[in-house]
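Visitor: Please take these sequences and the hints and turn them into a complete structure.
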Amino acid sequence: MIEANNAISALNYFSTNQTCQLYRSNSSTIYVEFYSNSTFVYLNQSSMSISILNIQGYQSSTSLTTSTTISSTSPSTTSSSSSTSTSSSSSTSTSTSTKTTTTTTTTTTTTSSTTASITTPMTTSACNSFLNQSTYSTGVNPFSVAVVDVNSDNQPDVIVANGADSTVSVLLNAGSGTFNVQTTYPVGSYPVSVTVVDVNSDNKSDIIVANADDNTVGVLLNAGSSTFNAQTTYPVGNIPQAVAVVDVNNDNKPDIIVANTGDSTVSVLLNAGSGTFNAQTTYAVGGGPQAVAVVDVNNDNKLDIIVANTGNNTVSVLLNAGSGTFNVQITYPVGSYPLSVAIADVNSDNKPDIVVANGADSTVSVLLNAGSGTFNAQTNYSVGSSPYSVAVVDVNSDNKPDIVVANVADSTVGVLLNAGSGTFNAQTTYSVGTNPSSVAVVDVNSDNKTDIIVSNSNSNTVSVLLHC
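Per this note's numbering, numbering through the sequence shown is continuous, rising by one, with the last residue being 470.
FYI, nobody ran anything at the bench for these hints, they're computed from the structure.
Possibly wrong hints are sitting among the right ones.
What the hints assert, rightly or not - Distance condition first, Cα-Cα at most 27 Å in a straight line; then the derived DSS-like pairs of lysine-lysine:
no. : residue 1 : residue 2
1   : Lys206    : Lys304
2   : Lys304    : Lys353
3   : Lys255    : Lys304
4   : Lys353    : Lys402
5   : Lys206    : Lys255
6   : Lys402    : Lys206
7   : Lys255    : Lys353
8   : Lys402    : Lys451
9   : Lys304    : Lys402
10  : Lys451    : Lys353
Guide: Structure, rendered in structure tokens:
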């Protein structure tokens with residue numbers, strides 16, 4: 003994955019030989035994620051000097067101490083600027099795995115520009131929105147967070163998918179917006195998305211997780227007393243990246259829908275009863291689907307599938323054809339490298355609209371519903387650097403849904419208040435942990451005000467920002 007620092011960049015991935023080509027960039031900083039046992043080579047054909055600054059890594063071992071060193075070399079060019087090359091190493095002792103982030107910096111002269119963004123420090127001054135933040139430890143590389151009551155005490159709990167140690171964490175709500183120490187449960191290899199829904203009609207919320215490295219979804223049924231049974235896994239497509247669980251065939255049983263980034267499909271697994279699921283049916287979508295949402299967008303009382311496609315910068319809309327089947331996708335252009343999608347009626351016309359976080363150009367796109375399941379051209383709003391996750395929820399009790407986005411590269415969450423008629427004000431940002439990759443907006447302290455919960459993938463924490 004490449005994330006660009008307040009800039010545009012583009013990447014080609016060649017599956018035949020598993021190589022990448024960065025073919026367009028005006029960025030000053032480029033973040034590259036890769037497995038540390040792989041070879042990383044770049045070709046500098048610009049007039050700029052490029053150096054590798056920092057390395058950490060995905061290590062896949064049960065118990066080891068590793069030292070990873072990556073050297074970078076630029077080929078000779080006729081450029082008049084000097085070319086530098088550095089080496090960086092990191093030593094990690096771990097019982098599971100750690101994530102690798104390589105930072106490449108270009109030495110250029112840039113002009114600063116002012117954006118309509120306000121960064122709010124965490125202080126003890128007069129309360130103004132989301133200033134009261136607490137952090138809680140999770141597993142390694144918490145990529146996804148869900149906030150749902152799993153022990154029937156009417157207090158929402160935090161559930162996190164920890165990619166690098168292949169677990170889910172459950173942090174029970176201790177009251178007043180605080181949370182107990184995590185309990186972890188093993189799942190499949192590299193879980194990257196989690197949702198929590200009662201799938202077996204016993205009035206207890208169950209955990210469903212997308213396991214990216216073994217191409218499965220795992221279902222952990224709620225055993226009661228705040229515990230969960232071992233996962234049951236079901237095969238899906240290649241590199242499942244996102245999961246949603248809703249009833250798509252109107253039989254009052256929630257079904258599983260998965261976005262498979264490796265083969266550009268969505269999988270639909272219909273609920274067979276008692277918390278079990280039928281074999282998948284797959285549907286083609288755009289290139290590299292990264293996120294999925296399932297909402298009725300054409301008011302026919304059947305839930306439709308909406309997918310964010312990173313490979314061709316589109317969203318796909320697959321209208322429900324009945325009986326749990328779906329029509330061929332219709333695609334709409336969005337920003338560069340869409341990583342997350344949320345669906346909500348943002349202009350109060352009783353038609354759900356599409357909101358997308360675009361990782362490579364640091365924007366969110368809003369596509370207003372034009373009726374009959376079609377959508378108008380996008381309107382874009384600036385957010386923080388490399389937005390990775392988006393939620394659309396009313397945070398200021400004015401009955402208009404607002405946009406909340408996790409900005410992975412500058413470690414903030416941005417809040418864009420709804421200005422009416424489907425437009426949004428400039429973001430206000432709040433600092434959180436390192437590299438926030440998922441955001442949920444839920445009232446966790448029963449004060450009738452929505453709070454923000456963020457999983458921080460590189461500090462192994464969740465941040466809870468109470469609304470004051």
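Visitor: Output the indices of the hints that this structure fails to meet, ascending.
Guide: 6
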